[in-house]
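Sequence lines, in order, name chains W and V. The letter at position 150 of the first sequence is residue 150 when you use the numbering used here, and the numbering goes up by one with no holes. Adding 709 to a residue's 1-based position in the second sequence gives its number in the numbering used here.
Hints listed in this document are in silico derivations from the structure and should not be mistaken for laboratory results. Note that the coordinates shown come from a computational prediction; the quantities given were computed from them, not determined experimentally. Every residue gets a Cβ at the ideal spot worked out from N, C-alpha and C, and that includes glycine. Treat the hints with care, since some could be wrong.
Unchecked claim - The following label-pair restraints were derived from C-beta to C-beta distances:
#1 Glu-184(W) - Thr-877(V): 52 to 60 Å
#2 Asn-21(W) - Val-1265(V): 38 to 46 Å
#3 Arg-888(V) - Thr-166(W): 38 to 46 Å
#4 Thr-166(W) - Gly-838(V): 49 to 57 Å
#5 Glu-184(W) - Val-1265(V): 53 to 61 Å
#6 Arg-888(V) - Thr-570(W): 53 to 61 Å
#7 Arg-888(V) - Ser-38(W): 40 to 48 Å
#8 Tyr-1384(V) - Asn-126(W): 41 to 49 Å
There are 2 protein chains.
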Amino acid sequence: MRTLYTLFLFVIMAMPFRAENKKLTLHDLIPGGKTYQSFVPQNIKQLQWFGDQLTFVKGDTIYIAAPDQPQKKTILLTKEDFSQFGIKQLPYITFPYGKQAIIEFTKGDTLYIYDFKNKEILNSLNLKGKNNRDLNRIAKNIAYTIDNNLYISDSNNRTKAITNDTNTGIINGQAVHQREFGIEKGTFWSPSGKHLAFYRMDETMVPTYPLLHAATKPAKVNNIKYPMAGTKSHHVTVGIYDTESNDTIFLKTGLPKEKYLTNIAWSPDESVVYISELNRGQDSLELRAYDAKSGKLISTLIKETHDKWVEPESPILFLPKNPKEFIWQSERDGYNHLYLYNTDGKLIRPLTSGDWMVLSILGFDDKGENIYIQSTEESPIEKHTYKVNLKTGKRTRLTQGKGMHNVSLSDNKRYLIDQYSNLNTPREIAVIDTKTGKRYSVLSAKNPFTAYNMPEISLGTIKAADGKTDLHYRLIKPVDFDSTKKYPTVVYVYGGPHAQLVTDSWLGGARGWDIYMAQLGYVVFTVDNRGSANRGLEFENVIHRQLGTEEMKDQVKGIEYLSTLPYVDTNRIGVHGWSFGGFMTTNLLLTYPEIFKVGVAGGAVMDWGLYEIMYGERYMDSPQENPEGYDKSNLTKRAGDLKGDLLIIHDDEDNVVLMQHALRFLDASVKAGTYPDLFIYPGHEHNVRGIDRVHLHEVITRYFEKNLK
Amino acid sequence: MRTLYTLFLFVIMAMPFRAENKKLTLHDLIPGGKTYQSFVPQNIKQLQWFGDQLTFVKGDTIYIAAPDQPQKKTILLTKEDFSQFGIKQLPYITFPYGKQAIIEFTKGDTLYIYDFKNKEILNSLNLKGKNNRDLNRIAKNIAYTIDNNLYISDSNNRTKAITNDTNTGIINGQAVHQREFGIEKGTFWSPSGKHLAFYRMDETMVPTYPLLHAATKPAKVNNIKYPMAGTKSHHVTVGIYDTESNDTIFLKTGLPKEKYLTNIAWSPDESVVYISELNRGQDSLELRAYDAKSGKLISTLIKETHDKWVEPESPILFLPKNPKEFIWQSERDGYNHLYLYNTDGKLIRPLTSGDWMVLSILGFDDKGENIYIQSTEESPIEKHTYKVNLKTGKRTRLTQGKGMHNVSLSDNKRYLIDQYSNLNTPREIAVIDTKTGKRYSVLSAKNPFTAYNMPEISLGTIKAADGKTDLHYRLIKPVDFDSTKKYPTVVYVYGGPHAQLVTDSWLGGARGWDIYMAQLGYVVFTVDNRGSANRGLEFENVIHRQLGTEEMKDQVKGIEYLSTLPYVDTNRIGVHGWSFGGFMTTNLLLTYPEIFKVGVAGGAVMDWGLYEIMYGERYMDSPQENPEGYDKSNLTKRAGDLKGDLLIIHDDEDNVVLMQHALRFLDASVKAGTYPDLFIYPGHEHNVRGIDRVHLHEVITRYFEKNLK
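Please model the entire structure based on the sequences and the hints provided.
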C-alpha cells in the first residue's frame, strides 16, 4: 500500500504516560550515566542460538530452551563450570561451532575454545597485542594481527607470520578504505579455511595528521594517516595465503593503484576470489573474478556506473545449491535490490524490486530455496524480515507487529529470534517458526518510565522542499504540555547519508536527551531530510556536489511545519547535532539566522576539504573537480555570517572529524569578527563516551537554557 | 621621606575629563585596533642621539638639533638621500658609530651600513635567515646566527662559520635559560671586537613538546624543547672565539652541567670573562672569572646564597678609569643595590643602600666619576634618574616631575633625553643637561581623550594581608559615575613576579580595556600584591614554594577595601588576568567563590608541574623537593571547586604556558562535574596580538556583560 502511504500525512502517536512528579536526570537518560541502565527496556542477557536451541543468561547461569518452548528453560552451564579458569563472573560466551558443545570466551588476555561436554580446552590463545581475530569454523584456524602484520594460529597453537612488513605505513589484515563500502574487516577465510584472503594497504604516500594527546606530561603526538579529499590516497591490494603450501600470492588488481577493492567473496570451490572494484571517482563499479592460485584476472562480470556515485556495500553471495549462481545487490533501479547472476556475468533475473529497499540478507533456508532478507517494504521507518522464494520471487513476511525488528537465524534456519520495538513498545522478544509462522514469546519488556511524567511523542510526515517527497519527522511536546503556552524548540539534526533518526522504534528513536529537554519545557523536533538513509538512491543522492544545500532546505520545511503549531514559539528555535549534524547545525545558523537563534555543533565538519577521501569524494567529488561545491560548503569562509549563539564542541583527539575543523572555524570567526563559543573534551575521539557524556549533555543543555530560554 | 610614605594612605587622583557623548571603541583602546594609534599620546618619531645631537623624524625628513635648542631643527637627511636604495618610506635608522656620519638601516632583507656624508655603502648584509645580529662598533664585525649555528661577517663581508653543529638540539649564539636571569642575547663581543664570547646550549636531553599548527592542511607539529619543572635541563657552555687566530675555546665551567651561566662580562683588557653562575637550585650564586685564552677558572670572586632564591639579572660593570674595580648588583640587603668590588673579590664599599631599589645602570659620566642609575627611591610607583658619585655615594636626582621617567644618555653622557608620564600627564619629552640641571622641552603631548567622557582614575595604597606592607592599587570609577548607584567590579590581576601594574604613569598604567569597561559601567580595580615587582626581596619572595597563596590573600584585601566603597556591589565582582594573571584568576574563583563570581583566565598556568624549570623552580623549587607546594597550587586538582562562571582562553601555539594547561583543566572539570567555558585563539602564541586582540577583548567583555551584569 505504498502509494496510499505517500498520499496521506499520517501521524502515529505515543500517549503521555501517567503523570507523577519525579524528574529524570541526565544520569538516567544518557548512555554512560550512573543510572542509565535502569531505563533501558528490560532485556535478556546473551540470548543467542546454540545450534537450534535458545540459550541465555540469568544471574550466573546459562540456560537452554527449545525454540518452541522458550519459557521452559533448563540449566546448560553454571559459573562453577568455569571454576578451572578462575572466573568470578560469567563471561560473554559464543558457540563458534554451531550445535557442537563448544564455547568461546575470554578470561583476562586469554581466549579459550572449550569443549564443555568433555571439559576439554581445545585451544587457548594469548590475545595480548593481537587484534582483528577471525576464526574459521572448519579448519579451526584463527587469523589475527599484531601491529601492522598478519598471523595465523592453528588449533594446535602453532603460529605463522603471514606478512612481515617493517614499514609501519603498510598495514596487513585490517579493514581498509576508512571502513567505507561496507568494509569491516581485513581477513576473509575461504569456506574450508584452507585459504585466507587479506587486505594489504600501503599508506606511506598518505599525509600524516598529528593528533595531540594532552594526558601525558609532556603532551605527545599520535600521528595518523589521514587521506584528505583531493590528496594522495592509499594503495590497497589483496593477498591470498595458502595454509597448505604457506605461499602468499597477490591478486593482480593492476592499475590505477588508487581504487577501492571492496566486498571480497570466495567462490564455493575456493578457486576464485570476487572483488567489487570501484574507481577513485566512485562512479564506476566492476565485479571482477580473480584466480585464487595465480592471482590473474579471469573476467569482469558486472559493470555499474552512475553520474553521481555507485556505492557497493555487500559482497556477492553464492546460492547454496548452485555454485554457478550468486546474488548481486544493486541500487540500479533506485532502491537496493537483489539480482540473480551466473558466473558468466549473465543476469538471470531480479529477485526483488519495488520502491523500497533490501536492508540486508540474513541467509538461506536449509534447502536453499528461499532467502531471508530485511527490508523497508512495509514502511521506511520500519524494518521487517521476509522469506523470498528464489524461483518465484514470492515474499512472505515473517515478522509481525509494527516497528523495527532485529532477528537472528538458528543453525538450521528454521527459527528466528525476533526482537523489536515501536513507538509505544519498549521491547518484544519472541521466537518465530518460519515454517508455521508461529510465534513463541520470550519477553515483553515493561515501560521503564511508568513512574515518570513523560512527553507526548508523535511521528509523522511532511513534504520535502522538492514539493513531493515525504519526510519523516518526530515531534516531542514538552512534559506537562499546556496548549495555550508558547514553547522554545530544539531541533536535533544529523542530516547526512547513512543515518536515519526517525524510526518506529521505542520512543520513536528519540534519545534520552530529547526527553530531558522536553522535561525542561522544550519542543524537540527531528526530521530526516533528503540525503538520509533507507529511502533509496534519488532521495539520497540529491546531496551530490553540494553537501548541506538540499538538506537544509528540508530542515526549513520542518520549521515551516512547526510554525503551524500554535504552541511553538518560532522566535526561539535552536538546533543541535554532531558530526554531519554539527556541519548542519553550523550551516543552519549561518544560512538561516532569522530562523535558528542558538546552535550547539559537536565534532562538526567545517570544511569538506579537511575531510577524508572515501566518504568526502563520494558525495562531493574531489576539490579539484568541484571547487565551487567545496567553496560553498566551506563554513570557515562564512564565519562572518554568524548572528546567533553557536557553541562549538570538539574532541581534541577526534580522528574522524579532526579538531582542525573547529580551530580553523574559530580562526575564521576571529578574522571575521564573529563570536562563537567553544568547549573541548580532552582525550575523546569522534564523540564523548562513557560517563563524560553526561557532562557533555549538561553543557549542551545549559547553552540552550542560557541563550534560548 | 620613605618612612612617612609608608605611614599614610595616600591617594592621587586623575580628575574626570570634560564630558561629551562620544564613546571609545575597542579599536580605539586596544593595541592592534584600527584607530588605536590616534589615542596613543603624541610622540616624536625616531628621537635619538646622534653623538650629542638630537635627531628625529618628521614626515619624510630626518632632522637634527642641538641638545639645548631642540626646537631649532635643521635637516639632516631626506627621503631623497635614500633614493639609491629604492626606499619609498623613511626606514628606521640607527647611528651605530656614535657621532660618525654613519647610519644603519634595512631595506627588504638587506642591512646597510651607510656613510651619508661620503655617500658610501660601508657594508651590506643579506639578512635572510640570519638572526640575533650583534655589531661590534670598534672592529665592525657582525655576529649573527643561521638556524642553530653562529657566524661572523666582517666589514668586507667576509663570512666565517664559528660553529658547525649538525645536531639541531645544540644551539649556538642565542639567548639561553629561557631568557631568565636577564639573558636577552647569546653573543658578547669583547670591547675591541677581537673576541666573541657566545652561548652554546645542548638541549638534546630536554623533553620535546609538540605544538600543533592548524593553519596548514593538514595541521603540522612544531616540536619545541620545553624543560618542564623537575625534568632534565639543558647544558649551557660558553665559547670564546678569537677573530685573529680563528680559534674557539670553551670556558671550563665544569660540573654539574645543569647550572645557569648568566650575565657574561669581559674585563677591560679582554683577558678575563666573568660569569654569574647559579646552581640549578637557584640558591647559590658565584661570580667566577675565567681566563679567556685557556678557558681555565681563575677565581671565584663573590658568593651569595639565600634559602629562598638568588636571582642575578645584571652583568658586572668595570669602572671606566679603573680596570681593577667593578660594580656588582645584589639584593643582599633586601633591595637591589650597587656594590663596588675589586678583581680580587674584595668589597670596597656599597655605592647605594636604602629601602628602595636600583632598577638599572645607564652608564658613567665622561670622567668616570659618576654613575647614572634609575631607581625607585622617590616612590615604588615612580622611576627617576640619579647621578651617583662613585667616591662619596652622593646621589643627585636628575629627572623632575612625578612619574615614570625613561631616559637615554648622549654620547658624551652630558645630556639625557627624558621622556615621562604620570597619572595626568600623557607624555613629556625634554633634554636634561646633567651638568646644569637645565631642562629643554621637546614635546608636551596633549591628552588624546579630551573629546571623550573619561572615568576618574585614582591611585592609592592599602595594607597587605600581613597587616603591615603597603600595596599600591588603581581604582577606576565608571564613566558618568553616580555615587548613589551600585556598580559591578572587574579586578584586573597579574600578581606574579617581575611585573608591576600600578604606576604613576599615564592613566596610572591602566590599559585601554580598563577604560572601556569603565565606559560600560564597571568599577575596574587593580592592586599589585606581594610577589610583584620593584618592592624588594622580602615583598617578592613571600611567594616561595606556595605560588598563589599570599598573592591571593592580598587580592582579598583589595576586595575588602572595595567593600568599604558604597558604590561597589560586592555581589558582582569579576576578575580577569593573563598568564600568571590567568593562574590568579582561576585560583581566585576556586578559592574564594563567595567573592569572585565571574572570571576570564587567559594563557593560565594551571599546574606548575607543566611550567618550565628556570622560572618555575626558582619560585617553587622542583616537584621532587616541594610536592605539597605543587599539589596545592595545581588547579587541575581543584577543578571541582568551580562555582562561578570561568572563561578559559588559550592560544593553541602558546610556547610559554602550553595549551596543555587548559586541556588538563578542562579534563579535570569534566571529571569533577564543573562547567568552565572556553575559547581558543588559533595560531597565536602566549598572547593575542595584532588586530585579533580587539576580538579577544570583545570576547572578554561579552563574558562579563553576560554573566556579571
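Numbers of unmet hints, in rising order: 1, 4 and 7
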